[in-house]
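So the chains spell out like this:
4 protein chains.
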Amino acid sequence: MPVHLPTADREFPLAPPITASAWLNTPTPIALDALRGRVIALHAFQMLCPGCVVHGIPQAQRLRDAFAGEGLVVLGLHSVFEHHAVMGPDALAAFVHEYRLDFPIAVDQAVPGSEIPRTMQDYRLRGTPSLVLIDRGGRIRADLFGRPDDLRVGALVGRLLAEPTASPSGAPAADTGKGGAAGEGCDADGCRVG
Amino acid sequence: MPVHLPTADREFPLAPPITASAWLNTPTPIALDALRGRVIALHAFQMLCPGCVVHGIPQAQRLRDAFAGEGLVVLGLHSVFEHHAVMGPDALAAFVHEYRLDFPIAVDQAVPGSEIPRTMQDYRLRGTPSLVLIDRGGRIRADLFGRPDDLRVGALVGRLLAEPTASPSGAPAADTGKGGAAGEGCDADGCRVG
Amino acid sequence: MPVHLPTADREFPLAPPITASAWLNTPTPIALDALRGRVIALHAFQMLCPGCVVHGIPQAQRLRDAFAGEGLVVLGLHSVFEHHAVMGPDALAAFVHEYRLDFPIAVDQAVPGSEIPRTMQDYRLRGTPSLVLIDRGGRIRADLFGRPDDLRVGALVGRLLAEPTASPSGAPAADTGKGGAAGEGCDADGCRVG
Amino acid sequence: MPVHLPTADREFPLAPPITASAWLNTPTPIALDALRGRVIALHAFQMLCPGCVVHGIPQAQRLRDAFAGEGLVVLGLHSVFEHHAVMGPDALAAFVHEYRLDFPIAVDQAVPGSEIPRTMQDYRLRGTPSLVLIDRGGRIRADLFGRPDDLRVGALVGRLLAEPTASPSGAPAADTGKGGAAGEGCDADGCRVG
Chain A
25 MPVHLPTADR
35 EFPLAPPITA
45 SAWLNTPTPI
55 ALDALRGRVI
65 ALHAFQMLCP
75 GCVVHGIPQA
85 QRLRDAFAGE
95 GLVVLGLHSV
105 FEHHAVMGPD
115 ALAAFVHEYR
125 LDFPIAVDQA
135 VPGSEIPRTM
145 QDYRLRGTPS
155 LVLIDRGGRI
165 RADLFGRPDD
175 LRVGALVGRL
185 LAEPTASPSG
195 APAADTGKGG
205 AAGEGCDADG
215 CRVG
Chain B
25 MPVHLPTADR
35 EFPLAPPITA
45 SAWLNTPTPI
55 ALDALRGRVI
65 ALHAFQMLCP
75 GCVVHGIPQA
85 QRLRDAFAGE
95 GLVVLGLHSV
105 FEHHAVMGPD
115 ALAAFVHEYR
125 LDFPIAVDQA
135 VPGSEIPRTM
145 QDYRLRGTPS
155 LVLIDRGGRI
165 RADLFGRPDD
175 LRVGALVGRL
185 LAEPTASPSG
195 APAADTGKGG
205 AAGEGCDADG
215 CRVG
Chain C
25 MPVHLPTADR
35 EFPLAPPITA
45 SAWLNTPTPI
55 ALDALRGRVI
65 ALHAFQMLCP
75 GCVVHGIPQA
85 QRLRDAFAGE
95 GLVVLGLHSV
105 FEHHAVMGPD
115 ALAAFVHEYR
125 LDFPIAVDQA
135 VPGSEIPRTM
145 QDYRLRGTPS
155 LVLIDRGGRI
165 RADLFGRPDD
175 LRVGALVGRL
185 LAEPTASPSG
195 APAADTGKGG
205 AAGEGCDADG
215 CRVG
Chain D
25 MPVHLPTADR
35 EFPLAPPITA
45 SAWLNTPTPI
55 ALDALRGRVI
65 ALHAFQMLCP
75 GCVVHGIPQA
85 QRLRDAFAGE
95 GLVVLGLHSV
105 FEHHAVMGPD
115 ALAAFVHEYR
125 LDFPIAVDQA
135 VPGSEIPRTM
145 QDYRLRGTPS
155 LVLIDRGGRI
165 RADLFGRPDD
175 LRVGALVGRL
185 LAEPTASPSG
195 APAADTGKGG
205 AAGEGCDADG
215 CRVG
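Protein chains in written order, with my numbering: chain A, 25 to 218; chain B, 25 to 218; chain C, 25 to 218; chain D, 25 to 218.
By construction, these hints were calculated from the structure, which means they are not laboratory data.
Where is the CB? At the ideal position from N, CA and C, for every residue including glycine.
Please note: incorrect hints may appear among the correct ones.
Examples of chain B residues toward chain A, derived with CB under 7 Å [unchecked claim]:
1. Val77
2. Ala134
3. Cys210
All chains should be built: construct the whole structure from the sequences, respecting the hints.
Next comes the structure, spelled out in structure tokens:
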């Protein structure tokens with residue numbers, strides 16, 4: 025699949041804050057603002073989403089292992105939009121323990137009257153797994169839904185890591201993964217918001 | 025890894041009944057006795073066991089797809105021995121739905137005062153994933169803990185399917201997978217009973 | 025893909041002899057007759073056939089590693105039917121050395137005036153890779169062209185190993201792999217005879 | 025494995041010319057100088073090197089498929105340093121045909137009295153497979169021997185593609201893959217120059 029690498033010739037939206045009801049694997053909550061100057065890979069998942077378990081989470085761990093020394097920060101975001109009753113904090117804690125995940129993970133804040141949690145709404149994520157790449161300036165440069173391959177994800181991360189820390193002005197059209205994936209529910213690629 | 029194929033030169037134990045508090049993917053409970061004359065692959069798993077999700081369950085589905093026409097019956101057994109609170113029936117139902125599992129699955133009956141459920145105790149399973157192969161005469165011929173490869177599992181199934189239906193007398197030493205796996209808890213291979 | 029396991033209810037053809045111009049990895053030529061009583065996996069390949077290099081040859085080595093102790097004999101057959109000039113004995117020797125193959129390999133005898141070598145003709149192979157399974161009685165029980173998966177190959181081997189050594193009468197319809205693969209030349213599955 | 029991304033804070037060597045006795049998949053020879061302004065992935069291989077066939081060549085094709093639209097040029101370099109007699113131009117042509125390779129491939133020029141061909145000497149390659157990444161200014165930025173994973177290769181390519189075309193001054197220390205791989209001959213990683 026051809027890869028489109030977003031260049032820095034237009035404005036990108038600033039990444040909204042992560043609104044979490046709890047955090048795992050970190051003693052204190054993490055604010056994106058405090059990470060300005062670093063590249064962030066934000067991996068949104070659900071613990072019962074097959075595409076997340078088989079593809080997205082292992083890729084997030086590979087990203088952490090490969091690029092921690094280069095200044096990439098990998099964060100998890102547990103954005104539950106279905107089966108809420110069985111993917112609560114205790115279930116997530118057991119999952120994180122069994123899968124030996126050790127990067128910080130935010131529990132996306134529930135929104136009363138909505139299936140879709142706060143951060144997922146604010147980022148307009150299409151479902152899980154989603155990999156959001158945020159540049160040193162705090163802007164969303166890619167929002168990849170489904171199963172992007174390592175070559176593509178590596179190229180995007182390599183591009184963002186190559187940009188200087190002080191890059192005040194905007195950059196190019198965000199990569200939004202495959203275009204018009206239709207339908208809802210989970211399939212081999214991931215779980216879509218209805 | 026060399027494969028040992030159990031030949032029919034000595035007695036094998038009869039498979040104990042499956043003691044289930046509930047069944048999924050079947051309108052009525054399934055009794056092993058009623059399957060006498062068929063070969064059975066009983067896959068014991070936990071929904072939050074990584075080795076089960078990544079290896080055991082996909083292999084069970086491949087077995088079902090490959091050998092349904094040859095008379096193999098694939099059954100799941102959800103034998104929870106840790107994190108009981110978050111792997112209850114509702115959580116399992118969501119898991120089975122998301123992973124599109126469609127073979128019959130028994131919920132192993134809890135035992136008051138024990139972490140280990142009834143059927144798991146009766147079969148003396150070492151942990152999850154475990155693949156138990158039962159011959160046409162209702163005897164346990166293999167109990168494979170961890171991640172046996174397809175070539176080995178295929179050979180065992182092929183051997184059992186080759187045996188005639190009416191085979192009243194016993195057969196060889198059961199294959200018990202890798203020998204002395206030590207320790208407890210989950211690792212890349214599976215989750216061991218402590 | 026559903027697997028059909030050939031049962032022993034009808035006649036199977038006797039495996040023709042291997043007609044070789046040379047052998048590698050064995051001090052003396054191997055006669056199939058001398059292996060009567062053992063199960064044989066005969067893997068026909070070409071060193072420049074991608075399906076052989078990526079799928080068939082590694083599978084042949086896994087078979088050897090898994091079942092050598094169970095009495096399975098794995099033999100290679102280099103059946104060149106295209107690019108003859110660059111797949112001669114010296115090229116094959118370099119290939120076998122670099123890929124660390126250590127099971128015996130026969131060089132299929134060229135036939136003057138034909139692209140297709142002697143043993144390949146006698147076995148009526150459809151192309152490479154082909155995996156021919158021969159039972160203890162010397163009969164061809166399966167002829168698998170292309171990329172049969174490990175579960176299926178394991179089941180066939182397990183069935184044949186389960187049969188008693190002295191099995192004078194015939195057995196079931198040979199498994200012939202996927203049915204009507206059309207066309208010629210090499211593709212992802214293998215190289216077909218034109 | 026942690027990835028080191030070479031930044032542009034020191035001088036890199038200019039890539040030597042490719043000295044070829046022949047080219048495949050291109051009507052005319054390709055000069056690196058004529059590609060100045062583009063990023064080049066030069067994949068050095070031998071057709072009988074297992075690490076090349078299983079890892080390096082498929083990765084080169086993935087690179088071509090993913091980044092052709094982004095300005096990456098993928099070139100092959102057949103650098104034979106062993107088994108010369110059976111990896112000549114005719115054998116290579118058959119290999120390229122069977123594996124459906126369609127990027128331009130240079131046949132590295134033999135050097136009288138040496139096992140190691142001209143371009144391989146000039147680049148001081150450690151063996152095959154080697155992936156050499158050349159930036160828009162014609163400088164060698166990475167020389168990866170063995171089996172670098174897609175995440176790492178993607179990151180390096182993404183970084184180089186992000187650099188502006190007119191970047192006259194030097195850049196950082198070239199990435200040289202794993203450090204002190206010892207020994208010679210072929211293993212799972214690749215084939216080393218003795």
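Hint check:
1. Below 7 Å, beta-carbon pairs count as interface contacts, and Val77(B) has one with chain A at about 6 Å; its hint therefore holds.
2. Taking 7 Å as the C-beta contact cut-off toward chain A, the hint placing Ala134(B) at the interface is violated, the least distance being around 17 Å.
3. Checking Cys210(B) against chain A: minimum C-beta separation of about 5 Å stays under 7 Å; hint holds.
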